[in-house]
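Participant: Each chain, written out:
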Amino acid sequence: MAQAAIELIGINKSFGAVRANRDINLEIARGTIHGIVGENGAGKSTLMSILYGFYQADSGEIRVGGKPASIKTSNDAIALGIGMVHQHFMLVDNFTVLENIILGAESDALLKKSIAKARSELERLEREYGLEVDPDAIIEELPVGLQQRVEILKALYRGAEILILDEPTGVLTPAEADHLFRILKQLKEQGKTVVLITHKLREIMAITDNVSVMRQGTMVATRETAKTTVGELAELMVGRRVLLRVEKGEAEAGAVKLAVKNLTVKDSRDVTMVDDISFDIKAGEIVGIAGVAGNGQSELLEAISGIRRAVSGSVMLDGKPIDLTGAADPGELRDRGLAHVPEDRHHVGLVLAFEENENSILGYHDDPRYLKGPFLNIDAIMADAKDKIEKYDIRPGNPRLKTANFSGGNQQKIVLAREMEQDPGVLIVGQPTRGVDVGAIEFIHKRLIAMRDQGKAVLVVSVELDEIRSLSDRILVMFAGRIVGERGPEATEGELGLLMAGVERQEAAE
Amino acid sequence: MDVFIAIVQILDSTIRLSVPLLLACLAGLYSERAGVFDIGLEGKMLVGAFAGAAAASVFHSAFLGLGMAIVMSVAFALVHGFASITHRGNQIVSGVAINFVAAGSTIILGQAWFQQGGRTPALQPGERFEAITLPGAAAIHDVPIIGPIYSELLSGHSILVYLAFAMVPFTWWVLFRTRFGLRLRAVGENPAAVDTAGISVAWLRYRALICTGILTGIAGAYLSMVQNGGFVKDMTAGKGYIALAALIFAKWRPVNAMFACLLFGFLDAAAIRLQGSPLPLIGKVPVQFMQALPYVLTVILLAGFIGKAIPPRAGGVPYVKER
Chain A
1 MAQAAIELIG
11 INKSFGAVRA
21 NRDINLEIAR
31 GTIHGIVGEN
41 GAGKSTLMSI
51 LYGFYQADSG
61 EIRVGGKPAS
71 IKTSNDAIAL
81 GIGMVHQHFM
91 LVDNFTVLEN
101 IILGAESDAL
111 LKKSIAKARS
121 ELERLEREYG
131 LEVDPDAIIE
141 ELPVGLQQRV
151 EILKALYRGA
161 EILILDEPTG
171 VLTPAEADHL
181 FRILKQLKEQ
191 GKTVVLITHK
201 LREIMAITDN
211 VSVMRQGTMV
221 ATRETAKTTV
231 GELAELMVGR
241 RVLLRVEKGE
251 AEAGAVKLAV
261 KNLTVKDSRD
271 VTMVDDISFD
281 IKAGEIVGIA
291 GVAGNGQSEL
301 LEAISGIRRA
311 VSGSVMLDGK
321 PIDLTGAADP
331 GELRDRGLAH
341 VPEDRHHVGL
351 VLAFEENENS
361 ILGYHDDPRY
371 LKGPFLNIDA
381 IMADAKDKIE
391 KYDIRPGNPR
401 LKTANFSGGN
411 QQKIVLAREM
421 EQDPGVLIVG
431 QPTRGVDVGA
441 IEFIHKRLIA
451 MRDQGKAVLV
461 VSVELDEIRS
471 LSDRILVMFA
481 GRIVGERGPE
491 ATEGELGLLM
501 AGVERQEAAE
Chain B
1001 MDVFIAIVQI
1011 LDSTIRLSVP
1021 LLLACLAGLY
1031 SERAGVFDIG
1041 LEGKMLVGAF
1051 AGAAAASVFH
1061 SAFLGLGMAI
1071 VMSVAFALVH
1081 GFASITHRGN
1091 QIVSGVAINF
1101 VAAGSTIILG
1111 QAWFQQGGRT
1121 PALQPGERFE
1131 AITLPGAAAI
1141 HDVPIIGPIY
1151 SELLSGHSIL
1161 VYLAFAMVPF
1171 TWWVLFRTRF
1181 GLRLRAVGEN
1191 PAAVDTAGIS
1201 VAWLRYRALI
1211 CTGILTGIAG
1221 AYLSMVQNGG
1231 FVKDMTAGKG
1241 YIALAALIFA
1251 KWRPVNAMFA
1261 CLLFGFLDAA
1271 AIRLQGSPLP
1281 LIGKVPVQFM
1291 QALPYVLTVI
1301 LLAGFIGKAI
1311 PPRAGGVPYV
1321 KER
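Chains as they are written, first to last, in my numbering: chain A, 1 to 510; chain B, 1001 to 1323.
This is chain B alone, in the form it adopts within the complex (with noise of 0.2 angstroms):
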C-alpha cells in the first residue's frame, strides 16, 4: 500500500509540474504552427510569473493578478510579433532578445518596488490560486484505490491545473475544427497561400502570438501564484525550452504536447522523490543526472524513436510578398 501512495504522490507532483510546460508547450504550438518560431516562451512566462506576482500582492487579488500576467505577457508576444511579423526580423533573435530583457527587467522592476533582492512579497490567501477540493473527494477519500486516485490526484488542484488540461481539447479543437484554425495551420505550411486567398498574413500570425502570450501569460502565473507563493528571480529555469523541446517531442500535436509535458514532468517529479535514495541495483544517482534526464530524453527521442518531426513549413521565415 505504502508503494501505491507513492506512486500517487508521484503522479500528484506529476501533474503539478506538467503544468506550467503544457501552457507554455502549447502556447508554442499556436505560434509555430502559425510559422512563427518562439524561443521567447520562457522570457514571457517569467514576465507573466513577475506581473502575476506583483499585481497581486499589490492589488490583493488572484484574478488581478491573472490578468495582469497575460497583458503583460501579450505585450512581449506583440514585440516579437512587431520585429519579426511587421519588420520580418529573424525570429530566433528576436525571441533570445525577448528572454534577456524578461530576465533583466523583472529583477530590476522587483528590486526597484519591493526592495526584496527582485522577490516579490509573499502572497496572502486570497492572492493566489487556493487548490479547489472536487465534491466528494473527502467522502470517497477512505475506498481503496479510487479513493486515493480521486482525492489525491485529480482533486485538491488549482483552477489553473484544470484549465492548462482543458486547454489540451481546446486547442485541439481550435486547430483542426474552426476556420480560423484552417487559416493559422495553413499560415504556418504556406503563407502565399493564404494570401492570394485574400486573408491577412499579418494579421494572422499576431492573433496567434495573441493566443501565445495569453497561455504563457497564465503559465508564469501558475508558476508564481500557484506553484509559489511569490515571484523569485529566474523562476522559470529553463521551463520553457523544456517545452520547446516537448513541442517539437509532440510533432506539434495537442494531444501528444500533453503526454510530452506528462512525461517531462514525471522525470522531474520523480527525480525531486528520488533525490538522495538509492536505486536498487543502480544504487545512487546524482540529482544532476535525473534533472538532465528529460533533455537526454529528447535527443534520444528525436533522434530515433519517435520518426521524423516535420515543423510547420513556413517556420521561422518571415512572409515578403513577392510572386
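Next comes chain A alone, as it looks inside the complex (with noise of 0.2 angstroms):
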C-alpha cells in the first residue's frame, strides 16, 4: 500500500449526549479514491468536517501525509492541501465562477489582480483535469454538474491534494454522475488522493479503490473494493441482511384504475415536456417509469396529480375524468382516492418548520378525524402521527420535532405514511427513495408492494433503474417526453438503459 495520504488515530466527537463519531481509525492511501459508505446519521459526514476543520474532535489524532496535524478552521485543513466539495454546494449564486474562486484565496487585496492571476491558474486547471467551465459564468446560471467543478476547481485552486467529495452524485443526473466519475479517475491518475462519501454502493463498486463503512458512529470495516460485494457493503452499513430485491408474487391486475390519453403537457419555458402519452394502470400492479431525469417524468406526474396544467389529452381516474388545467383542488383529487409523493419533498411534500405530527396530516387536516368542530383535534393528530411513526419506523419517534430535523430518509417516510395510510386507490410516487438508506429503501419497496397486493393502483417514476426493475409489474420507459418502450419486469438493464438513452425500439430488442 502507498503512503497514507490521512490517518485517523481514535477520534471521537459528540453533540451532547449523541456520540455522532466513537473511536474511529482510518486510514487513506495516497493517490486512491477512498469510499466512505454508511446510512444517514451512521458519522460520516462528522467525521469529515471534523477533517475540514468544521468541528474539533473531542480526541484523538490526525496526521496528514504522516505527520500529526492541527485543524482548528478551514483554513488550517486547506493550508494541509485538503479540499471539500460539499453536499449543498459552498457558492455565490450571483458570483462569476473566477469570483467564487478566488473567495477567500484571493492574491492580493484589489480584485483586478487577483483575477487576472486567478484566470491564468484556472486555465492551467481546467487543462489539465478537462474541467472546462467558463470562468465569466454567473453561478446561478449554469447547471449543478457545472456549478459542482465549480466546487472542484475552488478546492484546486488552493492547492488541494486530498479531495472530499460529500455525497456528490445526489444532485446530478446520470450522465453528469458519469462525467464526475471520469473527473475523479483523472484526479487520481495526476496523484491526487479523493474520499468520496456516498450512500449509494454502486458508486462505490464503481469507482473506489477501498472502502470503509461506518455505522451509528463506528468505523465497522474497511475493505479493498474488488475483494467485496454490494450484498456485503450493504449488510456492514445496516447491520444486518438486506433484501436488495425486494420478493413479490405476480401482480393480480385487475380493472383499470387511472388512464392517461393522449396527454402532452408544456413547461415553463413553452417546450414540450411530454408528447402525447398514453397509458393505463390497473388495481393490483405497479407500473414504473424509467428514463433519465428530464425526459418528462417530473411533467408527466404534476399533471396527473392536477398541479401543472396539461395542453391537450386527458387523465381519468375511476373513469371519471381529472381537472386538467392546471387548476385542480387537490383536495378534492384526495377525495377521490388520488394520493400524491411528490419527487421533492422539501418544496412540495412538507412543510419543514413544522412539526412531524403536523406535516403527518398535511393535506388532510380538513378530514373530520382530525377535527374537532372547527378546531384541530390536538390529541387525535398526536395520535394518529405516533402511530404512523410506529407502523413506518420513523426515527427518531417524536412527533414534536420539527421536521427538518430529521434525516432525508426519514422525512421520506413521512410522506409516504401520511399518503399510504390514507388508504388511496391510486398512488403516484416520485423518486420515492431518493436520498434514503439501503435499509429505509428495502421497508419502503416492502411497503409499496404491500399497497399492491391490496390491490392499489401505484404509479412509480425513479431515475435508479433497478428500483423501477425491483418495483415494476410493468415498465414504461420515457424518453424526450414520449414512452419508447413498454417492457417486464425481466428486463435486462442493457435493453432498458438502450431504451433509455434514445436508441430506437427495433435495435433495442434486436
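Careful, some of the hints might be misleading.
Stated by the list, open to error - DSS-like, lysine-lysine: derived pairs with alpha carbons at most 27 angstroms apart:
| id | chain 1 | residue 1 | chain 2 | residue 2 |
| --- | --- | --- | --- | --- |
| 1 | B | Lys1251 | A | Lys112 |
| 2 | A | Lys72 | B | Lys1321 |
| 3 | A | Lys402 | B | Lys1321 |
| 4 | A | Lys200 | A | Lys227 |
Said to hold, decoys possible - Label-pair restraints from in silico Cβ distances:
| id | chain 1 | residue 1 | chain 2 | residue 2 | range |
| --- | --- | --- | --- | --- | --- |
| 5 | A | Glu189 | B | Phe1176 | 35 to 41 angstroms |
| 6 | A | Lys113 | B | Phe1082 | 34 to 40 angstroms |
| 7 | A | Ile378 | B | Lys1251 | 42 to 48 angstroms |
| 8 | A | Asp178 | B | Phe1082 | 48 to 54 angstroms |
| 9 | A | Pro396 | B | Phe1289 | 55 to 61 angstroms |
| 10 | B | Phe1082 | A | Pro396 | 32 to 38 angstroms |
| 11 | B | Arg1177 | A | Asp270 | 37 to 43 angstroms |
Calculated from the structure, these hints are not laboratory results. All of these numbers come straight from a predicted model, not from anything done at the bench. Just so you know, even glycine gets a beta-carbon here, dropped at the ideal spot from N, CA and C.
The task is to assemble the complex, starting from two chains supplied on their own in separate frames and drawing on the hints.
Facilitator: Okay, here's the thing in C-alpha cells:
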C-alpha cells in the first residue's frame, strides 16, 4: 500500500448525548479513491467535517502525510492541502465562477490582480484535468453539474492534494455523474487522493479502490473494493442482511384505475416535455416509469396530480376525468382516492418548519378525523402521528420534533406514511427513495408492494433503474417526453438503458 | 431668468437635503450587503448628531465633534453587531431597540448636561463645518448659466457634502474592486461559502457594521453641525427610514443610491419651496401631501416600475455554523 495521505487515530466526537463518532481509525492511501459509506446519521459527514476543520474532535489524532496535524479551522485544512466539495454547494450564486474561485484565496487586496492571476491558473487547471467551465459565467446560470465542477476547481485552486466529496451525485443526472467519475479518475491519475462519501453502493463499486463502512458512529470495516460485494457492504452498513431486491409475487391486475390518454404537457419555457403519452394503470399492479432525469417524468407526474396544466389529452381516475387546467383542487383529488408523493419532498411534500405531527396530516387537515368542530383535534392528530411513526419506523420517534431535524430518509417516510395511510385507490410516487438509506429503501419497497397486493394501482417514477426493475410489474421507458417502450420486470438493465438513451425500439429489441 | 435662479436654488437645497439621506443610505448598504439588516440607521444618526454637537460645543472644535459623532455611532453599531451577529438575535428587534435607546438617551443626556430642554447649545463659528467656496466661484458668479450653477450649486457647501458624494464612487470601488468588498458581498449572499473558504463570518460582518457606524456618524454630524447649529431632539425625523427605502429603491447599489437620495432630497426641497404657493392647474397642495410623497413614490416605484428588488440573500438571517 502506498503511503497514507490521511490517518485518523481514535477520533471521538459527541454532540450533547449523541456520540457521532466513536473511536474512529482510518487510513487513506495516497493516490487512491477511498469510499466511505454508511446510512444517514452514521457519522460520515461529522468525520469529514472534523477533517475539514468545521468541528473539533473531542479526542484523537489526525495525521496528514504522516505528520500530526492540528486542524482548528477550514483555513488549517486548506493549508494542509485538504479540499472539500460539500453536498450543498458553498458557492455565491450571483458571483461569477472566477469570483467564487478566488473568494478567501485572493492573492491581492485589489480584485483586478487576483482575478487576472486566477484566470491563468484556472486555464491551467482546466487543461490539466479536463474541467472546462466558462470563468465569467454567473453560478446560478450554470447547471448543477458545472456548479460542482466549480467547487472542485475551487479546491484545486487552493492547492488541494486531498479532495473530499460529500454525496456528490445526489444532485446530478446519471450523465453528469458519469462525467464526475471520469474527472475523479483523472485526479487520481495525477496523484491526488479522493475521499468519496456516499450511500450509493453502485458508485462505490464503480470507482473506488478501497471502501470503509460506518455504522452508528463507528467504523465497522474497511475493504478493498475489488474484494467485496454490494451485498456485503449493505449488510455492514445496516448491520443485518438486506434484501436489495424485494421478493414479490405475481401481480393480479384488476380493473383500470387510472387512464392517461394523449397527454401533452409543456414546461414554463413552453417546451413540450410530455408528448402525446397514453397508458393505463390497473388495480393491483405497479407501473414503473424509467428514464434519465429531465425527460418529462416530472411534468407527467405534476400533470396527473393536477399541479401542472396539460396542453391536451385526458386523465381518467376511476372513469371520471381529472381537471387538467392546472386549477385542480388537490383536496378533491385526495377525496377521490388519488394520493401523490411528490418528487421534491422539501419544496412540495413537507413544510420543514412544521412539527412532524403537523406534516403527517398536511393536506388532510380538514378530514373530520382530525377535527373537533372548527378546531384541530390535537389529541387525535398526535395519536395518529404516533401510530404512523411506529408503523413506518420513523426515527427519532418524536411527533413534536421539527421536520427539518429528521434525516432525508425519515422525512420521506413521513410523506409516504401520510399518503399511504389514507388508503388511496391510486398512489403516485416520484423518486420514492431519493436520498434514502439502504435499510429504509427495503422498507419502502415492501410497503409499496403491500399496497399493490391490497389491490391499489401504483405509479412509480424513478431515475434509479434498479428500483424500477425491482418494483415494477410493467416498465414504461420515457425518452424526450414520449414512452419509447414497455417491458416486463424481466427486462435487462442493458435493454432498458438503450431505451432510456433513446435508441430506437427495434434496435433495442434485437 | 427668475425661473432659472429658482431651479438652481431648488437643486441647491436638493443637494443639502440629500446629504444625510445619502450617507445613511450608503451606511445601510455596507451593512445589508453583508447580510445584516439595519433598521437602526435612524438611531445611530441621532446619536451621531447629539454626540457631534455636544462634543463640538464643549471642546470648541468641529473636527472633535465629528470624531465623537463617529465614535458614538460606531459604538451603537457594535451593540447591534453584538446582539445580532455574536448572539444571533433578531436584527429587526435589535435595530428598533437601538432607535428607542437613541431617541431617549439623547434627550435625557442633553437635558442633564446642557439644561436646554434636550437641545445642545447653539454652535459658534469654528464649532460648525463652514461652507467652502470653491476657487473662482466669486469670479465666475456673473457669467450667465454656468456662473450660478458653479457658484451657487457646486460651490458653497460644507466639506461633509463633498465627502458624502465622494463616498459614492469610493463605496462602489470598495464593494466591486477590492478583496474586502468581494468578501462583504459574499457574506451577504452565502455566509457558509465564506466560512468554508476559511474566512470569519462574524469578523467580516462586524467590519461592515463599523463602516455603517462611521457613515451614520457623519450623517448625524451633518444634521447637527452643518444643517443646523446644534442638536434638537428627534432631529433625524425619519431620515433613517427614508434612507432604507432609498436603499431598496436603489437595489443595494451605490450609484443608484445616490440618485435615489437625490430624488428624495428633491421632493423634500420642492415640498419646502412649494409650501403655501399654489401649483398651476392643481391649486394649493397641502404640505403633508408633499411630505408624504417620498414614501408614496417608494411604494409605487417598488410595486412596479423598477422591477424586482432582490435583497442580499442571507439578509436578516444570523449565521449558524451547521452543515
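Participant: All hints are to be evaluated individually against the structure, with a verdict given for each.
Facilitator: Hint-by-hint comparison with the structure:
{"no.": "1", "hint": "B/Lys1251 <-> A/Lys112", "verdict": "holds, 24 angstroms"}
{"no.": "2", "hint": "A/Lys72 <-> B/Lys1321", "verdict": "holds, 14 angstroms"}
{"no.": "3", "hint": "A/Lys402 <-> B/Lys1321", "verdict": "holds, 18 angstroms"}
{"no.": "4", "hint": "A/Lys200 <-> A/Lys227", "verdict": "holds, 18 angstroms"}
{"no.": "5", "hint": "A/Glu189 <-> B/Phe1176: 35 to 41 angstroms", "verdict": "holds, 40 angstroms"}
{"no.": "6", "hint": "A/Lys113 <-> B/Phe1082: 34 to 40 angstroms", "verdict": "holds, 35 angstroms"}
{"no.": "7", "hint": "A/Ile378 <-> B/Lys1251: 42 to 48 angstroms", "verdict": "holds, 45 angstroms"}
{"no.": "8", "hint": "A/Asp178 <-> B/Phe1082: 48 to 54 angstroms", "verdict": "holds, 50 angstroms"}
{"no.": "9", "hint": "A/Pro396 <-> B/Phe1289: 55 to 61 angstroms", "verdict": "holds, 60 angstroms"}
{"no.": "10", "hint": "B/Phe1082 <-> A/Pro396: 32 to 38 angstroms", "verdict": "holds, 35 angstroms"}
{"no.": "11", "hint": "B/Arg1177 <-> A/Asp270: 37 to 43 angstroms", "verdict": "holds, 40 angstroms"}
Checked against the numbered hints listed earlier, the structure breaks none of them; every hint is satisfied.
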